[in-house]
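Colleague: Residue strings, one per chain:
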Amino acid sequence: MALSLKFYGTRGSIMSVSPERHLYGGHTPCAVVQDGEDMVIIDAGFGIANLGSELMATQDLIREDHEFHLFLTHFHWDHIQGLQYFTPVYFKGNRINVYSPFKVEVAREVLNLLLDGSYTPFNGLSSLPCEWVFHRLTKDVAVGNFTVSHRPTAHVDECYAYTVESTDRRMTFIADHDAQKSKVNDDLTAWAKGSGLLVHEAMYTEEEYKQFQNFGHSSFNMALENAKKIGAARTLFYHHFTLRQDAELAEHENRLQQAYNTKDRSLCFARENILYEVPKTG
Amino acid sequence: MIVTLLGVRGSRPVSISENLRYGGNTTAFKIDVHGMPPIYVDGGTGLHEEGVRLVRDGSPEKIYFFITHTHWDHILSFPFFKPLYDENCHIVFHAPVSHNEPFENLVQGQHNPRAFPVPYSQLKAQKTFIDSMPGDSYELEAAKATCIQLNHPGTTLGWRFETEEKIVAIVTDTAPIEDNYLGEGMAERAQADPKAFEAQYRKNLVAFIRNADLVVYDTHFTEEGIVNRHHWGHSTPEMAVEICLEADAKRLILHHHAPEDSDKIVHDKALHARKKVGKGKLQIEPGLEGMKIWL
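These protein sequences, in sequence, are chains A and B.
Counting with the working numbering, you get residues 4 to 285 for the letters of the first sequence.
Counting with the working numbering, you get residues 22 to 316 for the letters of the second sequence.
Heads up, a few of these hints could be off.
[Stated by the list, open to error] A partial selection of chain B residues facing chain A, derived with a Cβ cut-off under 8 angstroms:
# : residue
1 : PRO34
2 : GLY44
3 : VAL73
4 : SER119
5 : PRO134
6 : ARG135
7 : PHE137
8 : GLY175
9 : GLY254
Derived by calculation from the structure, the hints in this document are not laboratory data.
Note that beta-carbon positions come from the ideal geometry of N, C-alpha and C, so glycine has one too.
If we strip away everything but chain A, and leave its shape as in the complex, we get:
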């Protein structure tokens, strides 16, 4: 086995459900970084429900005493709203470790609001059978054989990018981020250098960016510039605009690939349920 990444949700803001938007995925963000037994989940949009179903179907061990490591980039609904549908939370003895650089009280407060008795049949985190363990990240953290580190992105609210590193491979995941020139962007791209795989959000066309730039997302060209700076062998764009259809995404993907791809680097728009191997570093 080698380090790999799989998306369970590639879509930004709100679920996008339509046969015309199915190819590039319709679930809100969730991705899994895995190497054998070591597994890290990034974000808990509705995609995490399908991860739960997949684990239920293939592994009995999630029914009890299994440990999960969930890293949240931030607490906007589309990145957390699937948590109550992640089947392992219904089994006593399962431990869900929730990591983010946010204060633990903030993390608890928003997740308790998500699970409020008026919005759900539950009544907060403690009403679910699993055990919740919150970790505030202040430095790199080890998860099995992985090292996970973080840096802030430029978004409307606090938001964080993560790298997951195994012995010889490194993957960087840049969630919601406005990549216009800034110190945050400079620091982020410098930090991400040396990754074999880069995931970068790319939500808008250039025209849409002008219209929506206060929402803290990148245009295709801005994400492309960051990809060049970071220089990963493989780059995936995600957080697709909710109503953008497959045909239009494919057009942008082709156009950007022609501008970007060389024998040393390639770019794709992320799709759900495809296993992307992380190339060796260097």
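Using the hints provided, position chain B relative to the given structure of chain A.
Modeller: Frame of chain A, contents of chain B only:
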């Protein structure tokens, strides 16, 4: 009267190839009645694109919402519902109060600054929030709306819309009542005489659906699937059929398809339900996203 099914999936939206035919968006319906503003029931993800269409075509001056209950799958789209940002639009919400929490607070909660980038103050539409209690009734321009409490955690309302010619009853989400008191206050009311409580509940539900031209009913589960899950708050096609037959309803739409149900399972649920009824008595169809029903 035209009823449009904008979202028919239960619990959570899904986008997987096996269930794209019936659709993966969660509960939302539109009811067009001649001579009055559009009526919408619930704001699940099925409402999102409808909001985009409404603004593109020019928002109506007034929109009515009737909310069955405030679980996420029924209200997810409101922060993205474009007419709410239009100062020329007047939106009237009728919604139940669960756990003493008025619906307006819950809509505000959806705009918690940690969880959503646009503040509630940006919703420039004129908003009227009406807290609906079971049994309430509203005379609208060309229709009457009445509600009843359903058996689902929190306070959940079934909505009946009646014009001079036609009757539609929306019954979602709801579970069988027998020895299963899920709705707010139900266990307390059942305590003295459970059997009498159940009989009264059922009698009220049948009266609520009586003579309906169309019934949309929560049929999340199959008969096998509901075993040990009565407390989840959902029903089966067989249960919906039984109530509809007793109430002399004409047409039944199976709604709130389980997220894991493939198109084939949904299709088969309707087949089995039809077999149970026999020909001619009650027309049964699985809810199909985008379907328009002219009554």
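Colleague: The hint names PRO134 of chain B as touching chain A; please verify it with the least Cβ-Cβ distance against 8 angstroms.
Modeller: Check passed: Cβ of PRO134 of chain B comes within 7 angstroms of chain A, closer than 8 angstroms.
Colleague: A closest beta-carbon separation below 8 angstroms is what the hint needs, so does GLY44 of chain B meet it against chain A?
Modeller: holds, 7 angstroms
Colleague: Taking the closest Cβ pair, is PHE137 of chain B under 8 angstroms from chain A?
Modeller: holds, 6 angstroms
Colleague: Just to be careful: measuring from the Cβ of GLY254 of chain B to every Cβ in chain A, is the smallest value less than 8 angstroms?
Modeller: holds, 7 angstroms
Colleague: Would the hint on PRO34 of chain B stand, with a C-beta cut-off of 8 angstroms toward chain A?
Modeller: holds, 4 angstroms
Colleague: Answer holds if the nearest beta-carbon of chain A is closer than 8 angstroms to that of GLY175 of chain B; otherwise answer violated.
Modeller: Interface hint status for GLY175 of chain B: holds (7 angstroms vs cutoff 8 angstroms).
Colleague: Is the interface hint satisfied for VAL73 of chain B? The criterion is a beta-carbon contact with chain A at less than 8 angstroms.
Modeller: holds, 7 angstroms
Colleague: Identify whether the interface hint at ARG135 of chain B stands, where standing means a beta carbon of chain A within less than 8 angstroms of its own.
Modeller: Nearest chain A Cβ about 5 angstroms off; hint holds.
Colleague: Close enough to count: is the Cβ of SER119 of chain B nearer than 8 angstroms to one in chain A?
Modeller: Hint on SER119 of chain B: holds, closest Cβ of chain A at ~5 angstroms, below 8 angstroms.
Checked against the numbered hints given earlier, the structure satisfies every one of them.
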